[in-house]
Amino acid sequence: MKKYDAIVIGAGHNGLTNAAYLAKSGLSVAVLERNPYIGGATVSRELYPGWTYSNCSYVCSLLRPEIARDLELPRHGLQVVPYGGGVTFKRDGDYYGNYYDHNRQYREVARHSLRDANAYERYATDVRKQTRLIRPYLLRRPPDPTSLKLRDLRDLAGFARSFTELGEEGLADTLRFWTKSVGDYLNEYFESDVIKAHLGGTGVIGTALGVYSPGTAYVLLHHYMGDMDGNVGSWGFARGGMGAVAAALAKSVKAFGGDIICDADVDRIVVRHGKVSGVALKNGNELPAGIVVSNLDPRRTFLDIMDRDDLPAELVHKAGNFKIRGSSGKLNIALDGLPTFNGLDRNNPLMLGDMHFTDSLERLERAYDDWKAGTWSKDPYVDMLIPTQTDPTMAPPGKHMMTVFVQYAPPRINGGEWTDADRAGFEQSVIDQIAAHSPDFKSLILHCETRTPREIEAEVGLTEGNIFQGELTFDQLLFNRPFPGYAQYRGPVPGMYMCGSGTHPGGGVMAAPGANAAREILRDLRLPDVVPGGYADD
Amino acid sequence: MKAGSDATMMLRTPFHARVAAACELNDWGTWKGYTTPRAYTDMELEYFAIRSTAGVFDLSPMNKYRITGPDAQACLNRMVTRDVSRIGVGRVGYTVWCNDAGQVMDDGTLFHLGENDYRLCAFARAIDWLHWCALGFDVSIVDESDEVAALAVQGPTSCATLLAMGLEGLEQLKPFGLTHFSFEGETLMVSRTGFTGDLGYELWIAPRQAELLWDRLFAAGEPYLIKPFGSDALDLARIEAGFLQAGVDFVPAESAVRSGRSRSPFELGLAWLVSMDKPVFNGRRALQREQAQGSRYRFALLDVDGNKPAHHSFILSRGGKVGTVTSAAWCPTAKSNVAFAQLEMPHGAVGEELVAEIYYQRELQWTRVLAPCRVIGSPVFNPPRRRAVPPGAF
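Residue numbers (this note's numbering), protein chains in the order written: chain A, 10 to 547; chain B, 22 to 415.
Because the hints were derived from the structure by calculation, they are not lab data.
Don't be surprised by glycine CBs; every beta carbon is placed ideally from N, CA and C.
Please note that the accuracy of each hint is not assured.
Just a few of them, taken from the derived set where beta-carbon distance is under 8 Å, the chain A residues facing chain B [what the hints assert, rightly or not]:
{"#": "1", "residue": "Leu82"}
{"#": "2", "residue": "Pro83"}
{"#": "3", "residue": "Gly93"}
{"#": "4", "residue": "Gln398"}
{"#": "5", "residue": "Thr399"}
Based on the provided sequences and hints, a complete structural model is requested.
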């Protein structure tokens, strides 16, 4: 058996990014993947002949351009095509179009509330102030506030400086953003229900919280932190589906001499004499390595693939209490043509954007009530897109693929496991909601893949199907992600590291955790830093 | 044309009715006296139509000259730097032409339509120079700029779109090839050419069938996600593909007032277009001298660190100015920060490390960045589909 310098567990985008940088530094690296295909939640699969689905993650914005450029992902086949704007359909037959063009958007908001149209400008500026504060920290290790190490002190001082630059008002805003509910936050700016509902949805995406739960304002911010070609907050599609991100990263890993081994299910991380010595596979093989990096979520990492004996009791406790709750499901639908939506011309640029049918915060909160009651939302919140309007590769000409992210879906139904009948009921609630706004939708459905937290956990390995590898609330961010004392990618055992979205700066197809973890590993090995820092915002 | 009539104001291309209907932004520019759109709906989405699906650009204002007659080939061979005799019938050649001092007057494409029958597409107006060059040759020169309407159809699904429009066999057309189809009683010429660096074609037709061509094209292209694009998207695509723009990346020699402001083909990185084994052509003697004595400048493609485009930057070497940037862009598909630079010799060899002095403004405050950059040997975007015969479906 080949001896590797480093083994990365899990061929999701962060595992692959981590491996690419370790391999680039000259280490011999293997990425082990449990599934017969790579990607983790960054995956494309053909489940209906001729159609490619982005089965899990479905849009791209947070992927750090510094990493895409440095690892030459375009040369390895990755192209990200932007989409503009979005639309929320109202129950009264009207809609709110969140146009990408600023002036067009102003007119559209004014159609619902003239005052909100103007308030939106203030809102956009305030949000940008906050993203500007956080964005420079995406490609950095979070400083440890309890450490007296020079590097931590320097980083903390920088952090404090950016805070004081904001001034008293800005600082107050920051605290509001990190602690408030998205509902309360939006109520401070807007009066129109549909505007608030359109903007508020991103505050709960991937989070087992409601729009009035404290902390959700940050989740909204998290969705504004990305950028496409310098346009902060813009989103796009990976051409060919999200699997194209993983495929390009895999090519990069291989170009640097790394190995990717599929069907390699890790049983546990082997610790000998207080140090990592490799991994044991479920098939009985053992792969020796001095460095093992887990791309799994913190729960799986510490509770499933590490022996309790090798871990401090306190850490086991923290891992058990780590908030990683299932809240969402997904429908991927093959369509025989482009569906029509009430009141919207098929050439309207809003057709290219994210579509929703929840027109008030009230309905969003009611959808969350169902989750709390242990069932899927009868009137769900969906984030729906049709990427085949700009991507000719994912469906035959004239045909389309629709990706529907659905919230809420609990990890268990009334305390029991999801059944196939439950899944069918969940699917029906979504299809009925879409069909209520699209008369020809049902007749165009050729195939539908429905994934509840049960399928996401079983296939991707995310605990409870939580898309962010742990909720993005302030108690689990920065130096608290995943737990205090372990936020700098190092595990409790020498040679053991974490690189998944459960570490700073969190979930979304960002590749920053994987890159940041690689930087720390290289530092421990006293190798030169080959991981790029972030581009300056100004 | 009557003096003082509307016709002396901005002209409209034969596609104008369709273009205007699609131009949601009402963002108009001018090109050779014609009203042309800078962007239709969203510049970025238009750029990505070129790179992901199919984009359509109205290039009717392009200067087009027909050169025919027994001496057509000989005449053009004397005028341009390339060996015209090696551009077969049914082929198109990119070329430049120089004045006697070996300075580039313009670049353009030469279409070899038939035996001693050529069309020259040029950035600058060239009828007078063509007549100068024709002295003593038995040729006829006609400005047919207004008699030929043209659309560029560019992008990965461009071939699939045109096949769906009924252009049978087009998939066999090689890059820089041209072919003809009949279209509603007119001849539709199709060349596999373009200014985007992607798979793409240009369609040439009589103006009276222009609108019908547009309609058929967009009807056929709908399942292939076709979209019109304006000059802003084109500019981004051509920078990513490494294509020079006359008037931007070099001053056409005959319009340069100050001495030393024009450039030779060698200084523009276009040595491959110069056939020094031709015994005679305009500028040959001067170019021969330049080969012996060395060039003053070198064109360089730069990969610039960071994400701030190096617009109009000075290029520094060891703190001293060695050149300037003529075109720059953050390239969205290649995810590269590219700049075209004119560098003083001996600078600009591939691999040389330089510094771009970049200025940019945020909220009225200017910032200066000294961004390291490297001279790269080839454009950052050059996909295999650009050359594939037959091209794939996307």
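Structure-based check of all given hints:
no. : hint   : in the structure
1   : Leu82  : 7 Å, holds
2   : Pro83  : 5 Å, holds
3   : Gly93  : 6 Å, holds
4   : Gln398 : 6 Å, holds
5   : Thr399 : 6 Å, holds
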